[in-house]
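In order, the protein sequence lines correspond to chains A and B.
Sequential numbering from 507 applies to the first sequence in the working numbering.
Sequential numbering from 140 applies to the second sequence in the working numbering.
No farther apart than 30 Å at their CA atoms in a straight line, the calculated lysine-lysine pairs in the DSS-like style are these: (1) A/Lys580 to B/Lys188; (2) B/Lys311 to B/Lys250; (3) A/Lys509 to B/Lys250.
Don't read these hints as lab results, they were simulated from the structure.
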Amino acid sequence: MKKGDFIIIAIVVIAVVLSALAFVSFDDASRVIIKQNNKIVYDQSIDQNAAFNTGTNLVIIEDGAVYVKEATCKNGDCVKLGKITKKGESIICLPNKVIVEIE
Amino acid sequence: MFAKQGNRRNRIDVKRLAIYALLVSICLIVGYLENLLSIGLSWVVPGVKLGLSNAVVLILVCRGDFKGAWAVNVVRICLSALLFGSPISFLLSISGGVVSTAVACLLTRFKSVSAIGVSIAAAVTHNVFQLLAASVVVGFGVMGISPLLIALGAVCGAFCGVLALIILKQEKIFKF
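Next comes chain B alone, as it looks inside the complex:
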């Protein structure tokens, strides 16, 4: 915190820190509103959400800021589990979140994949690994809803991808 000017190794980029904190809070409030209004697809499968906060992480990934994406995603998952969730919901979202972020970071290396493709792949892997974690908790019976979850993940992922693309085009807000 009180590092001297010029001592680069210990200096904290305060601007970046503030931006990440802002993004985490955007993720949390969007996730909370989603829960509250259940914009999710709860009428198809209970507990399925649009995952708008993933669009925020996706924007960071698409700008090549992998470190920031990891930081925002992990902090978001921990905080939302503390605020709204339970130990089981934390287990589910951390297993989905870590794997999907890894997949998203990997896919951005391919030039032929746009934000939409990255988002779909990340959302589907998120759902698959969440389901695998759930099957560890309650048993293999949950795999019955896997086709539905994969399909819905693709739809939600496409939506978030389009959203991220729209936001990424507004270059004015990306001065950081």
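With the rest of the complex left out, here is chain A:
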């Protein structure tokens, strides 16, 4: 490890903090928004239990937690991710271009 390495690590730490401040909010969860192909297809309070099918992904909202139960993509990363509960968290399915986020 040389001097330059520590400078790079310092820059990375600053970048983490700045990006956290810019993109993540720490308030309580309020709304669940599901976007498909960049269009909003679902926008409801998180307190309302629901099951929403985008045609490719089956999204379940129950007891303040949101998760993807089924997906048509082959790797199924969005299903493996499990439940999200906090504001600013999101589930992204790149192959199907679906974003589930809590705002």
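Assemble chain B onto chain A, guided by the hints.
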């Protein structure tokens, strides 16, 4: 291929070609094993991988062979997208790969930065530009995971950097 001896401009350095081909295949098999065993950090963020094949490119960069590093990296990305990926995964890895290789090549010019620093910077820029490409595809919502991706990129980069340093010290394998 059949250039006459002495005609330097047309001569292909066969040894070098074989070594690059070998390195590309090492990258591919390491990447495949990573996928298979998911040594990645998929339990933290799905899709995050250690990126061991980047250590191979890093070794070339640290030896000053920028041309070789570019060749190996671009060929690796194209081949792994053809073999294991999709058009979207190709877009993500090429945008991350090109920018991170450029950053790595630039940083080796600074004497005070070791392989570890180069690797961390390259891994972080790789993740950032991959995320930017993803935000073009699916929208700005993906930026929410940027702090986590930057931090994980730094950890994975440090690991690859240490690995590359260890390998670089074994001078016996670098007769080429």
